[in-house]
Amino acid sequence: MELLQSTNHAVIPDWMSAEHSMGTSIMAVSFDGGVVMGADSRTTTGSYIANRVSDKITPITSQIYCCRSGSAADTQAISDYVRYYTDQHTIELNQEPRVKTVASLFRELCYANKANLMAGIICAGYDDIEGGQVYNITLGGSLVKQPFSIGGSGSTYIYGYCDSKFREGMSRDECMEFVTNSLALAMSRDGSSGGVIRLVVIEKSGVTRHFVPGNKLPTFWDQ
Amino acid sequence: MSGIGTGYDLSTNTFSPDGRVFQIEYCSKAVENSGSAVGVRCKDGIVLAVEKIILSRMMIDSSLRRCHIVDTHACLAVAGLSADGRVLVDRAREEASQYKSIYGSPIPGHVLAERIANFVHMYSLYWFVRPFGCSIMLSVYGEKENPQLYVIEPSGVVYRYNACALGKGRQAGRTELEKLEFDKLTCREAVKELAKVIVVNCREEGKDKQYDLEMIWVCDESNKKAQMVPKSIVTEAHEYAKRVAESDDEMDDDDE
Chain A
1 MELLQSTNHA VIPDWMSAEH SMGTSIMAVS FDGGVVMGAD SRTTTGSYIA
51 NRVSDKITPI TSQIYCCRSG SAADTQAISD YVRYYTDQHT IELNQEPRVK
101 TVASLFRELC YANKANLMAG IICAGYDDIE GGQVYNITLG GSLVKQPFSI
151 GGSGSTYIYG YCDSKFREGM SRDECMEFVT NSLALAMSRD GSSGGVIRLV
201 VIEKSGVTRH FVPGNKLPTF WDQ
Chain B
1 MSGIGTGYDL STNTFSPDGR VFQIEYCSKA VENSGSAVGV RCKDGIVLAV
51 EKIILSRMMI DSSLRRCHIV DTHACLAVAG LSADGRVLVD RAREEASQYK
101 SIYGSPIPGH VLAERIANFV HMYSLYWFVR PFGCSIMLSV YGEKENPQLY
151 VIEPSGVVYR YNACALGKGR QAGRTELEKL EFDKLTCREA VKELAKVIVV
201 NCREEGKDKQ YDLEMIWVCD ESNKKAQMVP KSIVTEAHEY AKRVAESDDE
251 MDDDDE
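Protein sequences, first through last, are from chains A and B.
Counting from 1, one number per residue, gives the positions in the first sequence under the working numbering.
Counting from 1, one number per residue, gives the positions in the second sequence under the working numbering.
Source of the hints: derived by calculation from the structure; they are not laboratory data.
Here the structure is a predicted model, which means the values were calculated and not measured.
Check before you lean on any hint, since a few could be wrong.
As the list claims (entries may be wrong) - Restricting the straight-line Cα-Cα distance to at most 20 Å, the calculated cross-link-like pairs of lysine to aspartate or glutamate (EDC-like) are:
hint, chain 1, residue 1, chain 2, residue 2
1, B, Lys-144, A, Glu-92
2, A, Lys-145, A, Asp-55
3, B, Lys-144, A, Glu-96
4, B, Lys-224, A, Glu-130
5, B, Lys-100, A, Glu-108
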């Protein structure tokens, strides 16, 4: 990497060889019977947008997904490990794993390797024992269960908006609207977030994916 | 007894021509000769009871524990060599605590039972260790589970039961326990029933050896926490059982 930079400086600018980061705005909201997860779609290396349509919502089991923010490589590796450990656990358990268990596995990896990782993960899903749940695993490796959670660099711009708009007992569609509006606001202010909004709704009956194209994002006073 | 498996019983890693591992079968003998242990799965929990034979009048009767707590929601009782049992208790505790640490939830019953069984089984594979000379009655009642009772034998098999009896009085114990209605029985009632089964049915006639009843439960009454059954309840049940035993004796006398 460094060799290329010093000898071919004019050909390959430094921003093309920076680490892939997911600037990101991610979010998950639980409702009675499931969760709505949402994310933007921008992956950057420095200031170059390496992928403007990335999918940051990754399945771990058929009913438990995670939103990834931070280093793309780190979070992909972690979620691959968690999927592997969860598969093995499911065999021993002989039933679908709980969201709490998968979140706990994320925490184990993130905390034990905190010095070498940069990963902010929101793990959410549905299980028969506690219904829809959202767990946030922070950069340091702490695990906290929340009614809704926001993450990534874009989330800093929408804390106030989310705190004022969130209500207990929202319906599935109200949650989807809440996520869409919040992410649209984050994407419009954060340079590292943008592209399209991907939504994943997880319920007992199954998982549905929704898509809001970049030119159909909700608009606000300045657009 | 000698000559049963002549030649093929010297080591755990030898099969006999008819497909038996005699060392494992001899382990069961150690269990069969121990003090009786009975357990029953009720509608609101599980109760385990052990006939603790006291070897010396000078011994403090709270020592020589045969009932052990494994985790807040799980406990077990040992039948057979109690020192071997202690190793399994430590292993069970380790499994339960490690599971909670990694997966964030208390260990489910069937997972704990299988982990203990695999551990026990491992000691039947190698010539340089001897198998465990004890059976374990494991009771688990987790937050979102039904009450479960398992028995792990020295061979490493594990079965789930509604009720079980191990040790000297197991034949009589099983016959009596079969009469119970498990889905209607509460743990409070079960404490008395088990005391009666041990004192009346399992104990050999005319045995004067000093013994004590040790009971452990995990049930709704104990808030799903594994704990030794409170002394007052055990004493009351023991007195009840002794009264039943005496009245049975009187009835026998009358027949004569």
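Would the pair Lys-144 of chain B and Glu-96 of chain A pass a check requiring their Cα atoms to be no farther apart than 20 Å? It holds: about 14 Å lies between the C-alpha atoms, which stays within 20 Å.
Given pair status - Glu-130 of chain A, Lys-224 of chain B, alpha carbons within 20 Å: This hinted pair holds, its Cα atoms lying about 19 Å apart.
Next pair to validate is Lys-144 of chain B with Glu-92 of chain A; report whether the Cα-Cα distance is within 20 Å. Answer holds: Lys-144 of chain B to Glu-92 of chain A is near 18 Å, not above 20 Å.
Regarding the pair Lys-100 of chain B and Glu-108 of chain A, is the alpha-carbon distance no greater than 20 Å? Cα-Cα ~12 Å, so holds.
Mind checking the alpha carbons of Lys-145 of chain A and Asp-55 of chain A for me, to see if they're no more than 20 Å apart? violated, 24 Å
Against the hints set out earlier in the document, a violation occurs for number 2 only.
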